[in-house]
Amino acid sequence: MRQSATRIIFWSIAGLFAFPLFLALRDLPDFGAYAGPYGDLVLATCTGERHTPQGVAAVTFDYRGFDTLGEEFILFAALAGALLLTRPQEDERQHPPRDHALDRPVPQGNEPIVAAGRLMFPFSLMLSIYIIVHGHLTPGGGFQGGVLLATAFYYVYLSGEYQDLHPFTSVPLLESLKVLGAAGFALLAASPLAVGLPFMTNLLPLGREGGLLSAGTLPLCNLLVGCEVGAAFLLLIDAFLRQVVVIGKKKEEDS
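In terms of this note's numbering, the sequence shown has 394 at position 192, counting the first letter as 1, and numbering is strictly consecutive.
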């Protein structure tokens, strides 16, 4: 009875959203159409004003930085909710990690997957650092690099077992890095207010155009965002894996 009521409520709400969504999609511009004077203005001014050829980075962390701050804390809140949902319940308990389900045999190790995981880990790690550090110069940035950073460590699990990944997923350390990234970004954004300047004002020297230490606060923003996003997604990966290989139902354990 409860499942039937849940389905009725779901489809009723989905129907209410479906019609306005259809109207919005119907009125979208044709594929390839571009009517973006704002984009043209940013590309024409970001190099001279911010010493960066990356118009997206200039908008994300400077011209439109206040929105980015809100987006970072959306991720922060979403992660907190996911960790809350994956915590052990009253009818569950933790057991030593085992990478197999209770109702099926343990598969044999796949050597190509193990080799690919060990090969991809260092390359993904280096690429993620490159994307974060060069986010103000080339396409990428802290969010993209942070996701790739967490994915690099997931290769450790794919090429081994949960015990191999566990040393890299210290919850206190990752939570500290996540808080450091989110709080550091917020403090950096609000620091101009202390000297009477607008929120998110670029206070640091702009440096040489195209240089690694150019664009003022943009590289620092990318580093902080990369720190938060990488730690957040790694916490999420660990929580999901722990739910599968560490946390089990008491009834299943006793049977």
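Calculated from the structure, these hints are not laboratory results.
Mixed in with the good hints, there may be bad ones.
[To be verified] Between beta-carbon pairs, the in silico distance windows are: (1) Phe442 with Glu273: 20 to 26 Å; (2) Leu245 with Gly283: 16 to 22 Å; (3) Ile215 with Pro369: 41 to 47 Å; (4) Arg209 with Thr403: 47 to 53 Å; (5) Glu363 with Pro407: 44 to 50 Å; (6) Ile215 with Pro290: 41 to 47 Å; (7) Leu414 with Ser372: 28 to 34 Å; (8) Asp232 with Ala318: 37 to 43 Å; (9) Arg209 with Phe275: 31 to 37 Å; (10) Gly241 with Pro400: 35 to 41 Å; (11) Pro324 with Gln205: 46 to 52 Å; (12) Ala216 with Pro400: 17 to 23 Å; (13) Gly409 with Pro341: 17 to 23 Å; (14) Gln205 with Asp242: 33 to 39 Å.
No residue lacks a Cβ here, since even glycine has one placed at the ideal position from N, Cα and C.
### Query
Hint numbers the structure violates, sorted upward?
2, 6, 10, 12 and 14
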